[in-house]
Structures are given as C-alpha cells and as structure tokens.
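Fit chain B to the supplied structure of chain A, relying on the hints for placement.
Chains as they are written, first to last, in the working numbering: chain A, 155 to 279; chain B, 183 to 650.
The set of hints was computed from the structure by calculation and includes no laboratory data. Because the structure is a prediction, the values reported are computed rather than measured. In this text, a Cβ means the ideal position worked out from N, Cα and C, and glycines have one as well. Don't take each hint at face value.
Stated by the list, open to error - A few chain A residues facing chain B, derived, Cβ under 10 Å:
(1) Gln-189
(2) Gly-191
(3) Asp-192
(4) Val-220
(5) Pro-242
Stated by the list, open to error - Okay, the calculated bits of chain B under chain A, using three or more residues with CB under 8 Å as the criterion:
(6) 576–582
(7) 633–645
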Amino acid sequence: MTFPKNLMYTKTHEWVLLNDDGTALVGITDYAQDQLGDLVFVNLPEPGDTVTAGESFADVESVKAVSDVLSPVTGEVAEINEVLADEPQRMNQEPYESWFIKVREITDRAELMDADAYQAFVATC
Amino acid sequence: MKLIFEQGHPGRGTDYLGPCDVPMVSIHGALREKPLRLPEVSEIEVDRHYSQLARRTHGVNDGFYPLGSCTMKYNPAINEYAASLPGFTQVHPLQEADTAQGCREVCERLKAMLCEITGMDAMTLQPAAGAHGEFTGLLLIKAYHRAMGHTGRTKILVPDSAHGTNPASASMAGFEVVSIASDENGFVDLGALKAAAKEDVAGLMLTNPNTVGLFDPQILEITRIVHEAGGLNYYDGANLNAVMGVARPGDMGFDVVHLNLHKTFSTPHGGGGPGSGPNGCKQFLAPFLPGQDTPESIGNVRSFGGNFLVAVRALTYLMTIGREGVPQAAKHAVLNANYMRVKLSDLFPMAYDRICMHEFVMSLEKLKEETGVSALDVAKAMLDHGIHPPTMYFPLIVHEALMVEPTETETRETLDEAVRVLREIWEKAQQDPSSMHHLPETTPVCRPDEVAAARNPRIRYDFEAMGR
Chain A
155 MTFPKNLMYT
165 KTHEWVLLND
175 DGTALVGITD
185 YAQDQLGDLV
195 FVNLPEPGDT
205 VTAGESFADV
215 ESVKAVSDVL
225 SPVTGEVAEI
235 NEVLADEPQR
245 MNQEPYESWF
255 IKVREITDRA
265 ELMDADAYQA
275 FVATC
Chain B
183 MKLIFEQGHP
193 GRGTDYLGPC
203 DVPMVSIHGA
213 LREKPLRLPE
223 VSEIEVDRHY
233 SQLARRTHGV
243 NDGFYPLGSC
253 TMKYNPAINE
263 YAASLPGFTQ
273 VHPLQEADTA
283 QGCREVCERL
293 KAMLCEITGM
303 DAMTLQPAAG
313 AHGEFTGLLL
323 IKAYHRAMGH
333 TGRTKILVPD
343 SAHGTNPASA
353 SMAGFEVVSI
363 ASDENGFVDL
373 GALKAAAKED
383 VAGLMLTNPN
393 TVGLFDPQIL
403 EITRIVHEAG
413 GLNYYDGANL
423 NAVMGVARPG
433 DMGFDVVHLN
443 LHKTFSTPHG
453 GGGPGSGPNG
463 CKQFLAPFLP
473 GQDTPESIGN
483 VRSFGGNFLV
493 AVRALTYLMT
503 IGREGVPQAA
513 KHAVLNANYM
523 RVKLSDLFPM
533 AYDRICMHEF
543 VMSLEKLKEE
553 TGVSALDVAK
563 AMLDHGIHPP
573 TMYFPLIVHE
583 ALMVEPTETE
593 TRETLDEAVR
603 VLREIWEKAQ
613 QDPSSMHHLP
623 ETTPVCRPDE
633 VAAARNPRIR
643 YDFEAMGR
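Same shape as in the complex, but just chain B:
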C-alpha cells in the first residue's frame, strides 16, 4: 500500500474545518527555517489510509491475542463511552482547578482504588507507561536512600527471568544492575539472593507472578532478605492481572509498585495506547512522589496529571466490574491459562509443568531439534489461523520459548479453537516441516526479513531518495 507521503497533491487539504481565524504570527528566529513536509491530502484520503492500515494489522478486536506478559484483554466499549464524554475531553490542564473538579475526582477515586488493590498508601498517575513507572519508582528508591544518607547503595538486584525493561530502567536511574539467578523451578535462587544482598544494595525489582507465570512461594522470605540488608522492594506490576483482588504486593513486603493500566485495567494498548504506568508506594516514600509541591518530591516525570483519559477508562472498568469482579477476573485469567496449558502439554512440553498463574511458557526446543521447526515458525503459522502469536523467545531462561497469556475475557470456544490450531500446527511440523519456514501465507505481510530490518533499519521517509 502507499505511504501517506506518497498520496495527495501540493495544496490539497480539508475544507470541512473552514478557514483559520487565528491571526498569523511570524516565528522568525525559530530553529526551523524550512516548512515541515507534511502530507497534503484530503480528509477522505486520510480516512481511507487509516482504514487500510487497520485492515493490515491484528488487534484484540480482530481475533485471539494471547501475547504473554502483555494482558491483551478486551476493552469494554463502555470505557470508550466514558472517555469520550465532553467533560473529560474538552478540559484543559491549565484551567482553574475549581472548574475541573470532576476530572480531579476521577483521578483521586482511581488512586484510592489502586492503593486498595496493591496495598499501597499513596499513588501517582503521572508515568505514561510501564517502563516509565519503573524508572519513576527507582527514582523514589534513590531519593529515599539519598535522604537517609545511604550514599553507598548503588546496586539494584534483578532476577535473570525479569523483563528487559527492569535492568534498563535501573541503568537509566543511575544504578548498577546485579543479575540474580533463578533456581530449577524458575523462582529466585535464595542462596544467590542472600549472597548479593549486601550493604551496597539499594533494592530489588521483582515481578510476581514471575515471567514464567509462577507465583514465587518464597516471596515473604525474598522481601525480608532485601529489607534486612537495608534495601527496598520494587514490584513490577506487569503480571498483576493474575492476583488482583486476591493478593496484594503491599502485603508481600513491597515498598513501591508500578501498574500497567493498559494491561491489567483494560485500557487500549499495542501499537497505540497511550499507556499509563501509575506508581504506588508505602507512606514513608509518599513525600518523594512526583507531581506534588513538597521539598522531597523527585519533581515531575511528565506534564500535568499523566494520560488522563486512560485513567478515565481504568476507573470505568473498575466501577463496572466492582469489588467482586476484580478477583473474579484474576481467577478466570488463571483458569483460562491452566485450561490451555493442560490441553497442550502432551504435545508442547511446558518449561515448568505445574499449575500456573495467568500465563504459561512452552519450550519448543525438542520440536526444533527433531523437525527443524522453531518457535518462530509455529508463531508465524498461527497468523494464518487469525491468531496473534504468543510472546516468542522470552523469558530468556527458556529455550525456544512461546509464552501464552489468554486473559479472562476469552470464551471457552476461543480457547478450544486455539488449542486445535496449535495441535494442527504441531502435526504439520511432523509431516511437512520444510513448508513451515515460509508461513504465513494469508497475511498482508508474510515473513519480513527481520535480520535485514535490524541490520539496516529504515525508520524515516527519505524524500530525496524517493525523488519527492
């Protein structure tokens, strides 16, 4: 299909909005001297362009989307209704506070609910996404140690099963990352943790349930070891969907958390978002939170109150499912994952074959050895059946990993169909493995050359090269 820059005609635009009635102001002396090369297209061209893009992609509204560790649950339409109310969309962050009390109430009510769910005392809605929340949480830990005069605490402990963003956020926040090995069950190795928990440790970052979909039964011991060494415990909320309303990070010994509203609390994500990564903390860290006028505050991490309309959606979600619905959603998410795991485990070896939480990890190492068909080939084959592939090659501690997270919003029929498709793909891999390396065949883009794309990325439109 044509890119938007390859459409339109010089001087073309839209007439529907009427002429501009704001006086023109010269910005002579600004950095940009040449006009921006914006596409000059009519409204219908833009409209069709986006419709065409939408047809070439796969969203949760198109089909099953069991992307592990991403919680691609359905986002109910009532969330969109609430977020499109003019009282929320026609508000400006700089208008007087007494004219935007409804919006403030949305934020305060949401914060109170999120504190209740996480067992935290205070919350900020500023961070714009998960990794931003991680970064902000680490700045809180840093500010705390600085205020306490703990200058030698420079290290953050991160299990080797962690999301890649954990060590990256710790690095960005100026910490040194120490990787903690996992034991043979996929849990934190307590011996390795004890050896690393010394006087130079600022804190531990942990996802629980972890990235192999297991709830660490030693969690109280883990957080105690870190606390006794003088560090703080950071909870990565990526997998909160498995335990929300059932177990609280605050009760597990965590001091700071971030949540992904776009995962757990049913707001859109995947290629668009925007996301929202609120941070919660215990009372002793509350003075350091961003977005408040206290001497201890780490300052703003984003303008104003964060991605406000995402907060509106999350509050709508929580108010519609209610206090009973929160733990019910978590339990159904766990049930759906275990249902699929059991129905697949005779053909697809599980990395850790036991009751899982909201997701499970299969290792296709044996299939690859025997047939040459890799996790990538299986993932690509699923696209021909209208299913978005699971997360591939993660966590790194499992070879040829496929990580499946069905979420609670899928029907039993959808899960059965996905199981049938995966079993059919397994069968095909045995009988005709060579045909598997070229799939998918029915998607608008079949198999892009990922290696060439990574080695020679072209990430902006080159007008000169395209002769425009």
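In isolation and in its complexed conformation, chain A is listed as follows:
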C-alpha cells in the first residue's frame, strides 16, 4: 500500500493534491480502493457545482457496497475526470492518478493529514 508524500489525506480516506495555482485534485486512497474492492461505478458532480469540506460530493459503487466520497475542501468544481465513468477499474489500478474532480476557488479545508500521519492512521483502522 502506498502513501505519496506530495498529497494530503482525510480520515475518510480521500486524498487531495493542493496545487500552487490555488486549485486542488481530489481522489480516494489506495487503502480506500483496497477496502472497497472492485469498483464498478462512480457518480460524479457537474462542473460548476459547489463542494463542501467534509460533505459528500460523489459516490462509488463496488460489488460490495455503495460509499459516499467526502470532499477535503470547499470550492467550485472546475473539472471532472470523465475517464472514470468508462473505466472505473482505474480507481483500483492507479488510485493516485485517478482524480475525481479538480476544485478551484477554495475557501475551506477539512482536517487533513500528511502522508506519515495518514499511514499511521490507516494502521489503526
């Protein structure tokens, strides 16, 4: 299981990449995809939608269950990763490449952990 150092993490197993230009990419972690099992569907918001830190903005469906994905930041959806709709298995194969949304105009963040803190947190899950 990997924990890239350049990302920040939530307790609900999302990752966020905070870019220098004030935007952010959001996805689910390696641990999350491993726990969920084979993902078969993702329900994404629309560009222009508002996402709120700590609240659900998408849901993912595996053969086991449907789970909410919570946003690590508050802002506006600038872009969505449409590839995931056709190839949901990418979330399993490359969780840190498979960003769900790009967020801009970020005004707030959830409580975030760095890679070491998140790795320690996962060990307690």
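Frame of chain A; chain B shown alone:
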C-alpha cells in the same frame, strides 16, 4: 440451460384452457404498435422450465439459509393451505364490501395483532415490502410536521450501521440524511446524536436490535433525545424477530414502525415473495395513514389493501403459534444465534463478542490478512456444503463481515452441521488457501464474474443480438 425465449415454436401454446370466449376488441391508438414478443411454448415446456430453475437455486426448503438480517425462517405449509382457500383467492378488490367480509376480517384481525406486538395504535397493510414501508412511514412523519407547521424540519438521522434502504428511503421522501456514528460497542454514539438533534431534525430511523445483532441498551435515552429536539422516532422492523412478544417498539419511544411480514411473520421471500411491509403508528399519526378517506391521509401508496394473500399467511402464522408462541419464537431465534456464535468464536473473531440477539457478525479480516482467504471465499465455500451463505460485507462498519442469522426454525443438528462446515472451511483456508478462490465447485453456477456483471449489465433479452 435455455432461456424461455429460446424455447418453443411460433404459434405454440396451450390447448388445455380452451378457446378464448371473450370478444376481441381493437385497441387501436394504444401506445404499443407491435405485438409483445411473448414466449410461444407449450404448458409442459413452461412447467419443466420452472422446475429446472428451481433446481438451480437454493431456498429455505433446500437447506440451511442463515442470511443475516433477512430472517429466512421456515414457512409452515398450513400458511399455504390458508392462502389457497378459494374464499381468499377468488375475491376481487372491487366487489361489494358486504360480499368480502371474511377478507376484511383477516385484515382487521391481523392489524390488531400487529398493533399489540409493536405497541402501536393503528396499522396499514398497504406497503408492498420493507423499503416501501420505510418510505410510507417517512411520508407520515413529513405529513405530520407539515400539518404542525414545522417547515424547517428537513433532516432524518440515520446511524452508520443502518440498512442501506434507510438513507435511500429518506432521500426518496425528500429528506436530507445525516449519518450518526456508532460507538466502539456498535451502538448509537449519544454524543453524536445529541450534536445532530437540532431544530431542523424531522426524525430518527433506527433498527433495534441493530444490524450487528445487539439490542441498544440506551434506547430510551436515544428516543428521548430525538423527541426533546422535536423529531419523531421511526422503528425499522427488520430485526423484530429477536424481540417480538418480548419488547415493543411503542414502549421504546417509537412513533412509527414498519414490519416485514415476509421476514418476521413467516411468509415467503427471497427472489419471489411478494413481500409485505405494514406500517404501524401511534394515535396522533393515524389520520395520516394511507388507504383511508381522511383529509389528512397521505393517499394510497399501493392499490387496494396491499398484498392480501401475504396477510392471510401472516395471520395464519400468528394464530397457529399463538400468544405464547410469539415470544417463544423470538427467544429460540436468540438462543440459536448465541449457540452458533459461541461454537465459532475461537476460530472466527466476532465483531462484538458478547451475548447477541437473533444474529451475530464475524469479521474475517485477520483470516484474509493471514491467508488471503476473504469473507467472499468463505461464503462461496459454504455453497458446496448445501448451505446458503450468510450476508456478506454488511454492516459496512465491520470489515470482511459475515452476518449469520440462523432463525428459530432450525434444529440443533442443522446448527451443529453448519458449525462443523465453517470450522472445516477455516481449516482448509489455513492449509490450502489458493484453492479457496475458485469455489464453489458443485453448484450449477460456480463463481460468476460479479465485476463484469456490474460494469456491463445485460438485464433484458436482446432478440436482435440473439438472431431471433
């Protein structure tokens, strides 16, 4: 095996029924312009087709069926006898009420018994299944708040251990869902509940015993917190089998309940049903119930009186086991679950290792880490022993969960055999884990590709693609 569409011959049908003596009427202008592509098969082809289907599946009449949170108890044959009486089967819902008094009596007697069991004052038999009952119950809560002028109550609180239908029903009824965390014992976290119980709360949905098979000892405190915040308490009756005749939702502080007659009250379910999800409520909500001619009624949620023949079966069940049999069934269900739990807990770690109610949840996380054998592999392996697997991967708060509900209708020998099988599977997982990923070997369908089926579902017969 061949699908029904792949059998028969154009023009073939049955002669046993004789020619149609109803005059043909043109329905020119109806939406459908082409005839339906119905299978053209003889009666014996249909008969054999269904027998073949039945051989390829597993029902409670084939073997042990400990599917957690589903209460797959045996349905006594006398229920079927009663439900096949011509007075019940040859009745039409539009015939004059004074010619169907027996049927009305069945419904009224059943409602009175269900009110007694749940501690409610009024009941409707309209909802056709559990989730339909949830939806109807939430509409009652909504109608109540609207009538009281509580326009700001838009949220329904749902514990994170709840059945997935709870948040779904609340959403369908137009509410916003707020998830309430569970504490380390699997119960509602009172701190989280208090923080969420505010002036915008319409109600709480709760299953008790909950989905990990535990009776929440703080139940009176929970319902009081919600009432004091101005919300109503909704009881999901999925797990009533553990407490029926022993404890009543109405006495726990609940205002609305739904029951699953097809679980608790011994009517068929699993792939067929039909189900029945009656709603009960306290007197102050009774005017809002569906199926009555009151200005406050939420209107019909289903045609006529619901799935009537299911009600006949449930009443038969209650009348045959009687007032003493109801709590006895619940106690035996709890005893059977605890018997299996204790006999397995040295090999299969319990998610919450304590006296449970009618079901228990094992976590196979350690087995998976050590051997690579998952809850899914264990469930599939059970099929080779003629046992229907327990519920898998639910509740979501337990990793690699297997949830076992034996019910009261199983013998001690059946429980012992299931324990033996599970221990044997555990042993095999230690010695030859790689062989476990391909089981079962003896069933008509071995391991379907669930991922492909979910990603690329084919759910209707495509005549063109099949060249027909």
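The hints, checked one at a time:
1. Gln-189: Check passed: Cβ of Gln-189(A) comes within 7 Å of chain B, closer than 10 Å.
2. Gly-191: Cβ of Gly-191(A) sits 8 Å from chain B, so the hint holds.
3. Asp-192: holds, 4 Å
4. Val-220: holds, 7 Å
5. Pro-242: Holds, about 7 Å.
6. 576–582: Result for this restraint: holds, n = 3.
7. 633–645: It holds, with 3 qualifying residues against the three required.
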